[in-house]
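Number of protein chains: 2
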Amino acid sequence: MQEDEKYMSLALEEARLAAQQDEIPVGCIIVSQGQIIGRGHNLTQTLQDVTAHAEIQAITAAAQTLGGKYLTQATLYVTLEPCVMCAGAIGWAQISRLVYGASDDKRGYTRFAPQALHPKCVVSSGIFADECQQLLQDFFQHKRL
Amino acid sequence: MQEDEKYMSLALEEARLAAQQDEIPVGCIIVSQGQIIGRGHNLTQTLQDVTAHAEIQAITAAAQTLGGKYLTQATLYVTLEPCVMCAGAIGWAQISRLVYGASDDKRGYTRFAPQALHPKCVVSSGIFADECQQLLQDFFQHKRL
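Going down the list, the sequences are from chains A and B. Residue numbers in the first sequence follow the numbering used here, run continuously in steps of one, and reach 205 at the last position. Residue numbers in the second sequence follow the numbering used here, run continuously in steps of one, and reach 205 at the last position.
A few of these clues could be false.
Since the list gives no way to pick out one identical chain from another, each pair is judged satisfied if it fits inside one copy or across any two copies.
Cut-off 25 Å, straight-line C-alpha distance, at most; resulting in silico cross-link-like pairs (DMTMM-like, lysine to aspartate or glutamate) [what the hints assert, rightly or not]:
hint, residue 1, residue 2
1, Lys180, Glu191
2, Lys180, Asp165
3, Lys166, Glu63
4, Lys203, Asp64
5, Lys203, Glu83
6, Lys180, Asp82
7, Lys166, Asp82
8, Lys166, Asp190
9, Lys180, Asp198
Keep in mind the hints are simulated off the structure, nothing from the lab.
Using the sequences and the hints given, assemble the complete structure.
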């Protein structure tokens, strides 16, 4: 299994943890120099806090792991395209690579804040996109029942 | 003193607390139905966390105060125009009014994510803009010495 697939499957595990807590299933893993330095999943409902997205949790955790707020060597894996808020945070953290699974046409940063990331940040998308999307669809389907 | 000036002067007090901790001086107050429900100042350096902007702290605090994550009746006062990350958070929280002091041409949301706020959010700017800006200038001037 390739590196990106390996870490995205771990991000999917985080997303499943969110679903188990009745949270919109989005998960995130941050990797630097072959080590996982942060992980997180959406907790907005549990914490009653709109800022508790997977990426924000993972960025805060990664900064604690490193003892520094800039994550210039890091790759952030997330199952869903980041929103404007999270893209802004990824930009401030100077994360050098972003890999996301499913696109988010309604709320994604590529539509609403395409310049939010650091100018040198390299972006890959579509890794396990179907699995990432399916998890969200299953969640909302279940909600409607 | 008008309502907006009253709360912006309290946001300026928060910003001064940041400066005293060697943080870029930005302060924020959230008001709902005549009550302050959240406040915060920039703590990115102290917490070594890029997400610890004044607005993020205040939104998290306000949600705890209300016991709910949506701040639909609230006005957020902040001394500096919100960045993309914070505008995204203000949007998610469905804050109905934003009042900011100084503009931020380099990092402000009006340039990089003009649609980040809730579509019904009403925005006022320029309240005590000179004082808000001066506090930032004094901080960076002192840093250069």
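Evaluation of the provided hints:
1. Taking the shortest alpha-carbon separations for Lys180 and Glu191, neither the intra-copy value of 28 Å nor the inter-copy value of 35 Å comes in at or below 25 Å.
2. Both within a single protomer and between protomers do Lys180 and Asp165 lie at most 25 Å apart by alpha-carbon distance, with minima of 23 Å and 21 Å respectively.
3. Proximity of Lys166 to Glu63 under the C-alpha cut-off of 25 Å is found in neither arrangement, the shortest distances being 29 Å within a copy and 36 Å between copies.
4. Taking the closest pair of Cα atoms, Lys203 and Asp64 never come within 25 Å of each other, the shortest separation being 31 Å inside a single copy and 41 Å across copies.
5. Taking CA atoms no more than 25 Å apart as the test, Lys203 paired with Glu83 passes inside one copy only; the shortest distance there is 11 Å, against 43 Å between copies.
6. In this homomeric assembly, Lys180 and Asp82 never come within 25 Å of each other (Cα to Cα): the closest approach is 36 Å inside a single copy and 28 Å across copies.
7. Taking the closest pair of Cα atoms, Lys166 and Asp82 come within 25 Å of each other only inside a single copy of the chain (21 Å); across copies the shortest separation is 39 Å, beyond that limit.
8. For a Cα distance limit of 25 Å, the shortest separation of Lys166 from Asp190 inside one copy, 17 Å, qualifies, whereas the shortest one across copies, 37 Å, does not.
9. Proximity of Lys180 to Asp198 under the C-alpha cut-off of 25 Å is found in neither arrangement, the shortest distances being 35 Å within a copy and 31 Å between copies.
Hints 1, 3, 4, 6, 9 from the list above are not met by this structure, while the remaining hints are.
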